[in-house]
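Engineer: Residue-level listing of the chains:
2 protein chains.
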Amino acid sequence: MAVRAHHRLTPGVRRVQLLELGKRHFLNRPYEAISLDQVAEEAGVSKGLLYHYFATKREFYMACLREAVAELSAATEPPLDLPPDEQLRAGLDGYLRYVEEHADAWQAVLRGSIGSDPEVAAIADGFRETMFRRILAAAPEASVPPGLRLAVKGWIGFVEAVSLEWAARRTPVRARLVDLLAGELAHLLDRWSENWAR
Amino acid sequence: MAVRAHHRLTPGVRRVQLLELGKRHFLNRPYEAISLDQVAEEAGVSKGLLYHYFATKREFYMACLREAVAELSAATEPPLDLPPDEQLRAGLDGYLRYVEEHADAWQAVLRGSIGSDPEVAAIADGFRETMFRRILAAAPEASVPPGLRLAVKGWIGFVEAVSLEWAARRTPVRARLVDLLAGELAHLLDRWSENWAR
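In order, the protein sequences belong to chains A and B.
Just so you know, the numbering used here puts 151 at position 151 of the first sequence, and the rest follows in order with no gaps.
Just so you know, the numbering used here puts 148 at position 148 of the second sequence, and the rest follows in order with no gaps.
Looking at chain A on its own, in the form it has when it is part of the complex:
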């Protein structure tokens, strides 16, 4: 039955199936502990077919990370028809919902692990850059002075670190944390821009 089901899948559907399975493995366990033999077996495909979709283990891993980042990006998409402050709060709410529901995947994308791989770091940085641009698109400044740049990048790191701690305890309630995080950004935008000019 498994073999017949396998033949019925189109390449697009097969790729999605492999990515789902890959995310379960790569985003929850050490990279070196993951066996592609086991992933292929669970998917009901040959290892050769797996390599047809992802040429190397590293490529498969990076495709899984990109998939998680695409989900996170969609989950935090600001509703552009709302005022900037509400866009921010909606984005933060989506971010914290994602953290609640996919804590492991979120941590795998954003946190340190083995080796220093610029291509891998660039995947998480791509999401941070998306957050950065969304925030500054909603801010009054057209250009970005250095102080504001430091403040917003810093705030993104602040949100990550707070969320990581929050994921383990889930207090305060999500809406309260959205208030606190949004309040900090407002404070930083005010304080660091002002300080910078002195």
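Among the hints, a few may not be true.
If you want the footprint, here are the derived chain A segments under chain B, 3+ residues with CB under 8 Å [unchecked claim]: (1) 155-167; (2) 180-192.
Pair by pair, the computed Cβ-Cβ distance ranges are [to be verified]: (3) A:THR171 x B:ALA137: 19 to 29 Å; (4) A:LEU36 x B:ALA33: 11 to 21 Å; (5) B:ASP85 x A:PRO145: 23 to 33 Å.
These are calculated hints, taken from the structure and not from any lab test.
Please read all numbers here as calculations on a predicted model, not as lab measurements.
The C-beta atom is built at its ideal place from N, Cα and C for all residues, glycine as well.
Could you slot chain B onto chain A? The hints should help.
Structural biologist: Structure of chain B alone, referenced to chain A:
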């Protein structure tokens, strides 16, 4: 000559030499790109002797990370004879000096890369925990309420993200950035503790 020099090194000195060399490789390049054959050759030792000191590539890598964390921890050691605010500023100054002088090592320790390895993540988290304890030892609170915990953990993430951006541009001058970062901690300790009680 290299072979004779090799025989003269004591195990302790040899280990330090291998760690120095390992740091240069592991903290600057992707984990998978590093060849232990090349590291052994540069050290003027056999690969067998390298494995005598570090049983696996992963173990060697983790020893290099721990070494970098120990250096960072020493560089940010607060002078306990000074008042809390000056301890904080001295620690931040040491942190930013380390970022200035060892930008690659610092980024390798704290930033994401390939795979999800809890043991590796625990090395960087150990340093974050050291910062956390140093800050709260200097704070008036004896116990740590949840809001304060979130605020301090968040501030540590803030410092990392600001420093990462700052490492690329080096403006403002270090002393000014120490002011700004210390000011943010004071603000958070005040604001998040207060907010929490409502």
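Engineer: Looking back at the hints listed earlier, which ones does the structure fail to meet?
Structural biologist: No hint contradicted; all consistent.
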